[in-house]
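Protein chains in written order, with numbering that gives the first Met the number 0: chain A, 0 to 285; chain B, 0 to 615.
Simulated restraints, written as ranges between beta carbons of each label pair:
hint, chain 1, residue 1, chain 2, residue 2, range
1, A, 251, B, 31, 24 to 32 Å
2, B, 30, A, 137, 37 to 45 Å
3, B, 16, A, 181, 41 to 49 Å
4, A, 207, B, 241, 53 to 61 Å
5, B, 16, A, 155, 45 to 53 Å
6, A, 181, B, 31, 21 to 29 Å
7, A, 239, B, 266, 51 to 59 Å
8, A, 207, B, 588, 32 to 40 Å
9, A, 155, B, 30, 22 to 30 Å
10, B, 30, A, 6, 35 to 43 Å
11, A, 212, B, 271, 53 to 61 Å
12, A, 155, B, 31, 17 to 25 Å
13, A, 212, B, 102, 50 to 58 Å
Note that these hints are calculated values from the structure, not bench results. The beta carbon of each residue, even a glycine, is placed where N, CA and C say it ideally should be.
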Amino acid sequence: MLTAGELTLLGRLDLAFRRPQNGLYAGERRSPRSARSPEFSDFRPYVAGDDFRQIDWPAYARLEKLMLRLYVAEEEASLNLIVDTSGSMVMGEPPKWQAARRLAAALSFVGLAAMDRVQVGELGGGRLPPMRGRDGVSRIWTFLEGLEPAGETGPAELRRLLWARPGITVLISDFLVEEDGSWGPPVAGLASRRQEPVLWQVLSPDEEHPSIAGDLKLVDVETERSRELTITPGLVADYQRALRAHRAELARSALSASGRFLHSSSADDLEAMMLAGLRAGVVRRA
Amino acid sequence: MQFLLPGAGLALLTVPAIVLLYFLKVRRPEVRVSTLMFWRRFVADRQANAPWQRLRLSLLLLLQLLGAVVLGVGLMRPGLIGAAGIDATTVVMIDASPSMAATDVSPSRFGAAVERARSLAGQLRPGQQMAVILLGDHAQLLAAPTGDSSLLRSALDRARPSGTAGDFAEGISLANSILTGRPGGSIVLYSDGHSRPPSSPARVVAPLTYQSIGSTGENVAIETMTRSSSGSVFLRVTNYGRTTRDLKIEMRADGRLVDVLQVKLDGNTTTDLTWSRLPAAAQVLEAKLTPGDAFALDDKAWLVIAEPPHHSVLLVTAENGFMQKALKLRRGLDLTTVKPADYKPGRYDLVVFDGFVPAGKLPEPALLINPPPGEGPVPLGAAIDPGSVLPGDVRDPLLSHVSLKEVHIQSAATVKPPTGWRTVISAAADPLLLVKEGEPRDAVLTFDLHHSDLPLQAAFPILVQNLLDYLLPGGFENQVFAPGQPVTLIAEPDARWADVTGPDGRTTRLAPPPFPPFTATSQPGVYTVRQQLSSGERVSRFVVQLQNPSISRIVPGAGPFLQPLDRPTAPLPRGTLEIWPYLVAAAVVLLVLEWLVYLTNPTKFLISRRSQEAGR
Chain A
0 MLTAGELTLL GRLDLAFRRP QNGLYAGERR SPRSARSPEF SDFRPYVAGD
50 DFRQIDWPAY ARLEKLMLRL YVAEEEASLN LIVDTSGSMV MGEPPKWQAA
100 RRLAAALSFV GLAAMDRVQV GELGGGRLPP MRGRDGVSRI WTFLEGLEPA
150 GETGPAELRR LLWARPGITV LISDFLVEED GSWGPPVAGL ASRRQEPVLW
200 QVLSPDEEHP SIAGDLKLVD VETERSRELT ITPGLVADYQ RALRAHRAEL
250 ARSALSASGR FLHSSSADDL EAMMLAGLRA GVVRRA
Chain B
0 MQFLLPGAGL ALLTVPAIVL LYFLKVRRPE VRVSTLMFWR RFVADRQANA
50 PWQRLRLSLL LLLQLLGAVV LGVGLMRPGL IGAAGIDATT VVMIDASPSM
100 AATDVSPSRF GAAVERARSL AGQLRPGQQM AVILLGDHAQ LLAAPTGDSS
150 LLRSALDRAR PSGTAGDFAE GISLANSILT GRPGGSIVLY SDGHSRPPSS
200 PARVVAPLTY QSIGSTGENV AIETMTRSSS GSVFLRVTNY GRTTRDLKIE
250 MRADGRLVDV LQVKLDGNTT TDLTWSRLPA AAQVLEAKLT PGDAFALDDK
300 AWLVIAEPPH HSVLLVTAEN GFMQKALKLR RGLDLTTVKP ADYKPGRYDL
350 VVFDGFVPAG KLPEPALLIN PPPGEGPVPL GAAIDPGSVL PGDVRDPLLS
400 HVSLKEVHIQ SAATVKPPTG WRTVISAAAD PLLLVKEGEP RDAVLTFDLH
450 HSDLPLQAAF PILVQNLLDY LLPGGFENQV FAPGQPVTLI AEPDARWADV
500 TGPDGRTTRL APPPFPPFTA TSQPGVYTVR QQLSSGERVS RFVVQLQNPS
550 ISRIVPGAGP FLQPLDRPTA PLPRGTLEIW PYLVAAAVVL LVLEWLVYLT
600 NPTKFLISRR SQEAGR
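Here chain B stands alone, though its shape is the one from the complex (with noise of 0.2 Å):
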């Protein structure tokens, strides 16, 4: 037995407060009558003027609390596990987006959806089959359909949270793809409803039960943490949940604690936190939202406060006052501008050129912004309106936190991204900005940053920056990566190795440059990086932590939606037996029973003797 949404255990309060009515007395209007003589053998004993009364215990009084505790736990989805048998494929999708690993339901949501996997695995009978596919950043087939339990058992061992939602569209067209010709299949979701929804209505080819995993929302998080100018920490912190919280935020410094902040926060509501106390050696920051909750990767926060390496950057304009100043705004870099003509190769980390490419080779890395055309790494073409702005794609990590909604372009150059290269911001048939994959890096701007009112916007020093991640060495240093998320580690030119330690205090070494992606980011912390160059050694940090709100956000949702027109009709498979339609008919039964017992003489059916002399 098992209860699918326990919460709504809050039901059987109505049991107390059933009793508690019993011993409330009812305020009753007064009439006069000719007599007693008729009613009095049919009265309760309820002559006292106190404001309670004596419990008198009566067959209505049992049938109204048979009644709550029937329909409160009816309302909990009570499922007899394994009664109600599989079809002969059936289809386990596990949903492990973060939120999965909060700890409402024991030992975790993605825990319990795991279990409940390996306990449908183990109800396998011959000629029944059963395939489990993972639902994270992209759905993942974890086991292929088979009758075996123990190749699923094994399958299901290697199941892990990720650290992005899960991709619900993938996971469905999968299990699309591995129902398809099987007839008698079906779809088993275990989900608490936060995997990324599809564009469109989901398509299914076989009945899809959602099985919704979670009990609360009530979750408090640390959104954001960052350092201002002047030195000060800027913290916000969202409480998610209903129930108003009393709060304390400890504040480490290197491991060691330096303050204490209170906040009291009422449900759905953010604060926001200035804290100036940073001791001034101190190279890492944590703060930590002590008592914790159900979800614990939101309630931790990091921030390195270490210096970044500097970097040196060269700029080739004959003026463009907006790029000087996005530049600038980058800690750590040590900026020179001179016109094209006065342009001398040199030894930079960077060299961005606008409206010049010098003849001979290419200093890499480069950033190239309005080639003249035929010119450079991606020859430009004719000049064209470029009509709207768009997204390569929205979730390109440079253009993270860059709204393209208000930016209008006039001119730009016709250009044929050459292989290698993506497109990061569109026009509707041209890239109006392309970055070489791979090392060394490129990124070309094709048109005029006069001749837009891109610098104008709010994204534009935001769009810098990311690019300046993008190409500078390093890139990553004191930057934030969500859990899941490969990090780039771009080497030093004379980068040997690097070894990446995570807080788990598991080293990873890479060699040799370039780097692959990192990937071992699942676990929320500081990771330091130190790459041995000729010189020495170079320590840097990088942050990984959950920043997105719409994953703290963990209260368990609704399940899928799918197209009305491809669900079929036939009675949902689970393996899972729900008893709750048949608690809902006892309920029922149990109402009309106690109707009928208050119609006809509720005080007749007095259950003790002194009760029943009372009535007398």
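One chain only, chain A, in its complex shape (with noise of 0.2 Å):
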């Protein structure tokens, strides 16, 4: 699914949770507990009760102060990749459900590689059990290669979906459905699950810059409702007002729950995907 070259540059990568992860097993991530471990994270003065062996006596010796000595817990982090697989996905040139595959074989990935407990599912259907580690890969990759999008979804499938641990939850989707403005609701939802969200959206260059003009029937391939318009210009520069207003609604929606908005081309390669994913600090440099 990903070459080489592709795989290399995801080595380099890591994602970027805004929060410490409070994991079930030990892992690379930091964790909001204190705990032995060789990464110094801070002092705190002793107060009763304290584990008295943790007092860093060479601080008392300047200081005269009794102090606690604080490490770093490295527990695993949790990531949640939902994939839409609504039937407008397979729409545009090239295809945004090609995008969206390797978008999400790349996030987990770099999950898998940061020993991260990764969980794979489409939006609305099936998910694949928690993995962890690299041996996770295949079996991921082997779930996304098996997706067919078709059908209808919508932000109301958000609500359904239960996590046992608290971590980011990255919604793959080109977020294209009849009910505008709805995503905020399902989206602070998953804030309130105690998921960081992050919308990834993908568009093909088609539904960004329309090419389409004059008599037209459009037919929307998910509702097959169709409209009958007079594609002008001005129409698609009104088109272009309203797709810019929804993003920033999404990425509202994705503030008010602590998450991010982003949004990548399908005709982006994998490196300029995660270049998107850099700035809007969804993953960062390992």
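Hints are included, so try docking the two chains, each in its own frame, into the full complex.
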């Protein structure tokens, strides 16, 4: 699914979690809990009840105050990847689905390489059990390759997703549904389930800059509903304004849920998509 | 406000066409898209599957309708009467061709032209002058340059349509002579483009404005009505318009309806009809097209059935079968043929001398064919090779329907035409056929018919009949003349006076013989001539009717062609300010506006709230 060069690129990247992760197993992510580990974290004054074995005696010698030495606990993190498999994902030139699937494969690889707990599923469809370690890469990729976009999905499907552990939930979709602006509440619901939402929109170039013109009958590929209209340059400009407004609304929804929104083109290669992730703070250099 | 080209109002049909297009649903190609969410707020209410849809009022529609109306009105060339003023000296030329009698504009083309000229006269300011020229058979100066509007109006009251096409060249020549030496002059021509064009592009000394009058070319004409020797009547009917016409032809004998013929004519076609139910005792047959059309002059035709009076003709010839046969073709002619040696003077209406001239006084009228040199009223000279055979005057009635193109003459005699004789046919230098004008009449052919191929041509019997019309007493009987054409009534030898009664019942007395040409022939119809003879009264008839295809083709024509070098470049003066350029400019602005609206967003400009809601 990904080339060796792309895997080399991904090997230099890591997922950027905004909050320390409280995992079940020890991992490579900072835990909100303090623990013994090689990595120093901070000092704090000693209070009654603290383990006096952690008192930093050299500091007491210098400051004549009892100070405790704290260390970072490194635990695993949860990465939940949800891919939109609605019928609209096959549209576009190049098709959005190819780009979305490769993006999901890349993010899952980055997560598994960092010993995170990675779970992949389709919006409104089935999910793989959580995977951990590089062994899970082939299973996840096989799962992704087996997905076929069809039918109709929507934001309501997000409400039905339940997570055992807090983590980051990346939703890869075109976010094109009839119910305009209805992504806000479901995304906010993710935050309430201790998920850090990342909305990653993938659109094709002809969806961002429509090249159609004249008297046309447009048919929604998911709902089969149609509209007849005369497409003029002015109408295309209005379309693009509406698209920008839609993206702004998605960004507000993500931000209000302490998440992030970013978008890529289906014509972008993996490096360009990862650069977009870097700019949005979704991935970082390892 | 007036419209100079009202026929262009057909362009306004685009207005209902545009509305109709808005009713029609567009068959749109289907395009599958990921979502309609960004398009939805702009879509129109066009989801019905019916081929028609509810009309939605939009700014686009209004702009298109407005543009079409403005353009349509502009094409009709609206003009504001008197808005442009006139020049210091304006020469108004009014075409009086018969086609100007068409009533496709009210009251008629000629009436509308006079009315416009009258309006122009009413706009004269102190120091401005106007002259009026009527373009008839000859250009006539109705009013010399004057600033007196009442004089001009009374001159215009005298204007009448002519029976023949207006002579534009004469009119221009007259206008040039008026305007020469007068700075700031101009010429305004009111015409339907059917005046006789000059042989070369006209040279004008002042700007000429051509104002076309007339709106249609729809006209059906009875071109010909004749009677064959077998007694059946032949009719030729032509549709000069574009539309198919279903017509009836009412046949009246002496004013009584005797038959109705049905005829259906496609545009620009001609049909021939033969009718053989002529009542035995009928004197005058009338054919009338119904329903009529805008040009009534050619909707009627008349045929005088009554036998013409008999005339006695003596042919004195050694041997001339051609002449003998040609003379016998005429009905009511008693022909006697004698050898020159047997000739004796007698009482004949006409004597034809072939290669012979009697001694002593020549009987008159007489037709002399190849008289011996030095003899006769016109002494002939030596024989020459005449070369080309040319008409003396193409409009000479003696050459009516006579084609000389294929005529060749081996030898003719030189002759110098004496005073009072006119040349009908000529060679390069010498006349070939001369006729004596005035009474009594004579004619001389200067060549032997056997030394030419003229007798073998179709032109020969026609020429002989024309000569007989000219030389025999009467000559006008049962003949057809064009409206306005003077008719020469050759009196019978013992006639004392003649009363001519026109179709309107007005009688004109002509006396004493020889009668002057009868000129009151403006009205089409049958004219009755009653000659008072010593032995009683002789009644004969002639017909005045239009039989000219170039005039029956009444569609308004283009303006006259002027010499570009002489055409002044100054702005054309107009009594009527044409506003079509402004309308066309407004239409262009509207079209640009409509294009801009289309480029921005057509459905933003839906007018009605309901439409806006439907758009959302």
